[in-house]
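Single-letter residue listing:
Protein chains: 2
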Amino acid sequence: MTSVDPRRAIANLKELRELTADGNGAQRVAWTDTWLRAREWFRAKAADLPLEHHADTAGNHFYTLPGASPATLMIGSHLDSVPNGGWLDGCLGVLAGLEILRGIALQYNGRPPVTVRLADFADEEGARFGRSLLGSSAFAGTHSIAADRQRKDKDGVAMEDALRLCGVEIDRFPEAAAGRANLAAYIELHIEQGPVLESLGLPLGVVLGTKGVERHAITFHGQEAHSGSTPMRVRRDALAAAAKLALEIRSIAGAHPDAVCTMGSVKTFPGIVTAVVGRCETTLDQRDLDAGVLAAMLHQARDASERFAGEEGCTVDWSRIWNIEPVPFHPAMVGMCEDAVRETCGTAHRLPSGPLHDAAEVARAGVPVVMMFVQSLGGMSHNKVEDTREEHLELAVGAFDRLASKVMDWIER
Amino acid sequence: MTSVDPRRAIANLKELRELTADGNGAQRVAWTDTWLRAREWFRAKAADLPLEHHADTAGNHFYTLPGASPATLMIGSHLDSVPNGGWLDGCLGVLAGLEILRGIALQYNGRPPVTVRLADFADEEGARFGRSLLGSSAFAGTHSIAADRQRKDKDGVAMEDALRLCGVEIDRFPEAAAGRANLAAYIELHIEQGPVLESLGLPLGVVLGTKGVERHAITFHGQEAHSGSTPMRVRRDALAAAAKLALEIRSIAGAHPDAVCTMGSVKTFPGIVTAVVGRCETTLDQRDLDAGVLAAMLHQARDASERFAGEEGCTVDWSRIWNIEPVPFHPAMVGMCEDAVRETCGTAHRLPSGPLHDAAEVARAGVPVVMMFVQSLGGMSHNKVEDTREEHLELAVGAFDRLASKVMDWIER
Numbered sequence: 100m101t102s103v104d105p106r107r108a109i110a111n112l113k114e115l116r117e118l119t120a121d122g123n124g125a126q127r128v129a130w131t132d133t134w135l136r137a138r139e140w141f142r143a144k145a146a147d148l149p150l151e152h153h154a155d156t157a158g159n160h161f162y163t164l165p166g167a168s169p170a171t172l173m174i175g176s177h178l179d180s181v182p183n184g185g186w187l188d189g190c191l192g193v194l195a196g197l198e199i200l201r202g203i204a205l206q207y208n209g210r211p212p213v214t215v216r217l218a219d220f221a222d223e224e225g226a227r228f229g230r231s232l233l234g235s236s237a238f239a240g241t242h243s244i245a246a247d248r249q250r251k252d253k254d255g256v257a258m259e260d261a262l263r264l265c266g267v268e269i270d271r272f273p274e275a276a277a278g279r280a281n282l283a284a285y286i287e288l289h290i291e292q293g294p295v296l297e298s299l300g301l302p303l304g305v306v307l308g309t310k311g312v313e314r315h316a317i318t319f320h321g322q323e324a325h326s327g328s329t330p331m332r333v334r335r336d337a338l339a340a341a342a343k344l345a346l347e348i349r350s351i352a353g354a355h356p357d358a359v360c361t362m363g364s365v366k367t368f369p370g371i372v373t374a375v376v377g378r379c380e381t382t383l384d385q386r387d388l389d390a391g392v393l394a395a396m397l398h399q400a401r402d403a404s405e406r407f408a409g410e411e412g413c414t415v416d417w418s419r420i421w422n423i424e425p426v427p428f429h430p431a432m433v434g435m436c437e438d439a440v441r442e443t444c445g446t447a448h449r450l451p452s453g454p455l456h457d458a459a460e461v462a463r464a465g466v467p468v469v470m471m472f473v474q475s476l477g478g479m480s481h482n483k484v485e486d487t488r489e490e491h492l493e494l495a496v497g498a499f500d501r502l503a504s505k506v507m508d509w510i511e512r
Numbered sequence: 100m101t102s103v104d105p106r107r108a109i110a111n112l113k114e115l116r117e118l119t120a121d122g123n124g125a126q127r128v129a130w131t132d133t134w135l136r137a138r139e140w141f142r143a144k145a146a147d148l149p150l151e152h153h154a155d156t157a158g159n160h161f162y163t164l165p166g167a168s169p170a171t172l173m174i175g176s177h178l179d180s181v182p183n184g185g186w187l188d189g190c191l192g193v194l195a196g197l198e199i200l201r202g203i204a205l206q207y208n209g210r211p212p213v214t215v216r217l218a219d220f221a222d223e224e225g226a227r228f229g230r231s232l233l234g235s236s237a238f239a240g241t242h243s244i245a246a247d248r249q250r251k252d253k254d255g256v257a258m259e260d261a262l263r264l265c266g267v268e269i270d271r272f273p274e275a276a277a278g279r280a281n282l283a284a285y286i287e288l289h290i291e292q293g294p295v296l297e298s299l300g301l302p303l304g305v306v307l308g309t310k311g312v313e314r315h316a317i318t319f320h321g322q323e324a325h326s327g328s329t330p331m332r333v334r335r336d337a338l339a340a341a342a343k344l345a346l347e348i349r350s351i352a353g354a355h356p357d358a359v360c361t362m363g364s365v366k367t368f369p370g371i372v373t374a375v376v377g378r379c380e381t382t383l384d385q386r387d388l389d390a391g392v393l394a395a396m397l398h399q400a401r402d403a404s405e406r407f408a409g410e411e412g413c414t415v416d417w418s419r420i421w422n423i424e425p426v427p428f429h430p431a432m433v434g435m436c437e438d439a440v441r442e443t444c445g446t447a448h449r450l451p452s453g454p455l456h457d458a459a460e461v462a463r464a465g466v467p468v469v470m471m472f473v474q475s476l477g478g479m480s481h482n483k484v485e486d487t488r489e490e491h492l493e494l495a496v497g498a499f500d501r502l503a504s505k506v507m508d509w510i511e512r
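So the protein sequences, as listed, match chains A and B.
In short: position in the first sequence from 1, add 99, done, that's my numbering.
In short: position in the second sequence from 1, add 99, done, that's my numbering.
There's no promise every hint is true.
[What the hints assert, rightly or not] The list that follows gives simulated cross-link-like pairs (lysine-lysine, BS3-like), each with its CA atoms no further than 30 Å apart:
(1) Lys251(A) / Lys366(B)
(2) Lys505(A) / Lys113(A)
(3) Lys366(B) / Lys253(A)
(4) Lys251(B) / Lys366(A)
These are computed hints drawn from the structure, not numbers from a lab.
Make the full structure from the sequences, and use the hints.
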C-alpha cells in the first residue's frame with residue numbers, strides 16, 4: 100500500500116467529464132474525435148510520471164513503469180464510453196490506475212520490484228460498430244478479424260476506415276497479442292453498474308468473474324385470426340406461448356443464486372388491436388458464472404418454449420444471437436482482492452459481474468485476473484445519471500491500491 | 100319461398116370478381132373508381148327487374164320493388180371491400196338479395212303485398228378513411244359528421260373531398276335518416292368470417308346480434324435495467340406484468356360461452372435484448388353480446404392488470420381506444436331465421452357475430468333486424484383466400500329466400 104491520493108483521481112474524473120460530456124452525458128465513443136481528445140488529455144496527465152507510453156496495433160494505449168523484474172502487473176480499463184454515458188464507466192479504472200502508478204513510482208523512487216503497466220483499452224463498449232471488448236480481445240488474441248471487418252456504423256462508415264483514421268490497421272490486430280509477454284497479473288477497478296452492493300449497504304465488492312451469456316431470438320408461430328369472430332378455444336395465439344415463456348424464465352433463473360434470464364424484446368405480428376397474434380418474436384438473454392448452470396438454463400428454456408408452443412397450437416424456432424462462456428477469475432487473485440476490500444471497509448462481499456469487461460478478455464488469455472467493484476447509485480449505468488458517492492470512490496481507490504501492492508508482492512515471490 | 104336461382108347469384112359473384120379483383124384480391128374500396136365501377140355494373144344487372152333505383156345523401160344505393168303496402172322489407176349489405184379482400188364479404192348479401200327480389204317480382208307479377216327494397220350501403224369497411232359502417236350509420240341516424248369530416252386517407256386526401264368526387268356532400272348526411280320511413284324489417288346474409296360453423300360442420304347459422312366491443316390501450320410502467328447486472332429479485336419488469344394479463348384474459352373470456360378477449364399488440368421499451376423491459380404497451384379487445392358480461396369482463400381485466408402491476412412493482416394505466424354496445428337482433432326475426440335455416444338444412448345453430456355489420460346500425464335505429472351467416476372456409480376473411488363452398492352458397496341463397504318470405508308474411512300480418 101502506497102500513499103495514493105484518491106482525491107486527485109476524483110478531480111481528474113471531473114475534469115474529463117468537463118472535457119468530454121455534454122448535457123446528455125459522456126460522449127467518448129471510441130474512434131471519434133471526442134475519444135481521441137480524451138486520450139490526448141490523459142496522456143498529458145500521465146506526462147509528469149516516469150512512464151513509457153506506447154500504443155499497440157489494436158489501438159490500445161499502455162503506460163509502463165519499468166521495474167527490477169520484467170514480470171508485469173497490468174492495471175487496466177477503458178476511456179471510451181457509450182453515447183450519453185456516465186462519468187465513471189471505464190475511466191474510473193484508468194484514472195484510479197494512474198494514481199496507483201503515481202504512488203508506486205513515489206514509494207520505489209521510480210523503480211519498483213516488478214514492472215507495472217497501465218492499459219487504456221480501445222473500444223470496450225463497441226458503441227459505434229456493435230463489437231464490444233475490441234481492443235482487449237485483440238490483446239488477448241481472441242479477436243477474429245474476419246468477423247468484424249465488414250461492420251459499419253449507422254452512417255455506413257466501415258469499421259476498417261474509421262480505425263484507419265485513428266492510425267489503426269485492422270489487418271495488424273493479431274500483432275497486439277505480443278503485448279502479453281511478461282504479463283503476470285491483471286487487475287481492474289470498475290463501477291458495479293448494478294444494484295447489489297447498494298442493496299447490501301456495501302461500498303466495495305470482490306468480483307468472482309464475468310458471467311457467461313446465452314442470447315437467442317425465439318419466435319413463436321401461431322395463426323393470425325380475427326379478434327371478433329374467432330372463439331377462444333380454436334385460437335393458436337403466439338403471444339400466449341410467449342407470455343408463458345416470459346414468466347417461466349423467472350423460475351428457471353430463480354433456481355440459481357446469481358443467474359439471470361431476461362426477455363427484453365417482444366414483437367407481435369400483425370400487431371393490431373383486432374387480430375390474434377399470429378407470430379411473436381422475442382429475445383432471451385441468460386447469464387450465469389457457472390457454465391453448467393448456463394447450459395442447464397438454456398436447455399430448460401428450450402424445453403419450456405416447446406411445451407408452451409405445443410399447448411397453444413404453435414410452433415417455435417430458436418436462433419442464437421450470440422454467446423460467450425463464463426470467465427471465472429483467478430482464485431488467488433480473488434483472495435487478495437477479498438483481503439484488500441476487507442482491510443478497507445471491514446466486509447468483503449463476493450459477486451459475479453453480469454456485464455462483460457476487458458478483464459474477461461485478459462483472463463481468457465490465461466492471465467491471473469481479478470476485478471474490484473465500487474457501488475453504483477440506483478444500479479444505473481450507460482446513462483448520464485450514473486453516479487457513485489465520492490466517499491465510496493475514495494475507499495475504492497484506497498482498496499485498489501492495497502490490491503495492487505498485494506499482487507506485486509505475489510508476482511515478486 | 101319463391102323460385103329463386105342461387106346459381107345466378109354465384110355466377111354474378113364470379114363476374115364481379117373478374118371485374119374488380121386483381122392477383123391480390125378484391126379492390127372495391129369505397130370512394131374509389133373500382134368501387135364506382137362495381138356499383139355501375141350492379142345497377143346494370145338490376146336493370147331487367149322492375150326496380151326503382153335511388154341514392155340517398157350518404158351515398159347508399161336502393162333498389163325498390165313497390166308493393167301493395169308501403170311497409171317495407173329491406174334486404175341489404177355492401178359492395179365495397181377492404182383492399183386485397185375476398186370475393187364474398189359484403190357482395191354476397193347484395194347479389195343474393197337481387198335474386199330474392201327477382202323471385203319475389205316473378206311470384207307476385209311485379210307487385211308484392213309489401214314493398215321490398217335492396218340496399219347497397221356505402222363504405223361498410225371504412226378501409227380508406229378508417230370509419231366503418233359509414234353509409235348505414237347515416238341511414239340509421241347514428242352518424243356524427245363532426246367526428247369524421249376531418250378524416251384523411253393515407254395520401255392526405257380529405258374524406259369530405261373524396262366523397263364530393265362521388266357526388267356525396269358530407270353536410271347532407273343527416274338527410275339519409277329519412278330513408279327509414281315505412282321500414283318494417285331488415286335482413287342481411289353474410290359470410291361468417293370465423294370458424295364456428297365450419298367446426299360444427301354446419302353450412303348456415305342464425306345470428307343473434309353483434310357483440311359489443313371494449314377496446315383499450317394498457318401500458319405497464321416498470322424500470323428499465325441492465326439484463327446482466329440486475330438480480331431477478333429487484334427487477335420491476337413491465338413485460339412480466341403484461342404477460343400475466345395476456346394469460347389472464349383467457350380465463351376472463353372463458354367464463355362466458357361466446358365472449359372473446361384478445362391482446363393483439365405488445366410493444367416493449369427499450370425493447371433490446373440486454374435490458375429488462377421498462378415500459379410495455381399492450382392493447383386489449385373484449386367482445387360479448389351481453390352488455391353486462393362485457394362490463395364485467397372489462398372490470399375483471401382492470402382489476403387483474405392492477406394486481407399484476409402491483410405484484411411486479413409496476414404501475415399500469417388504461418386508455419379507451421373505442422367501444423360500442425352490443426346490438427342484439429329482434430327475437431321474432433331470430434325465430435324466423437331459425438325456422439328458415441332449419442327447413443333448409445335440418446339444424447339451426449345460433450351464434451353472435453364478432454365483426455360488426457350494417458345490420459347492427461339498422462338495428463340500433465330500432466328496426467327489427469336479423470342476419471344469416473354462411474360458413475367461411477378456414478374462418479378466413481379480409482383476404483384473397485376467403486372462400487365458401489358453392490353448395491353452401493346455394494343453400495344460403497335458398498334459406499335467405501325462405502327468410503324473406505317469412506318476414507314479408509310477418510310484416511303483412
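Hints, one by one, checked against the model:
no., hint, verdict
1, Lys251(A) / Lys366(B), "holds (28 Å)"
2, Lys505(A) / Lys113(A), "holds (29 Å)"
3, Lys366(B) / Lys253(A), "holds (23 Å)"
4, Lys251(B) / Lys366(A), "holds (28 Å)"
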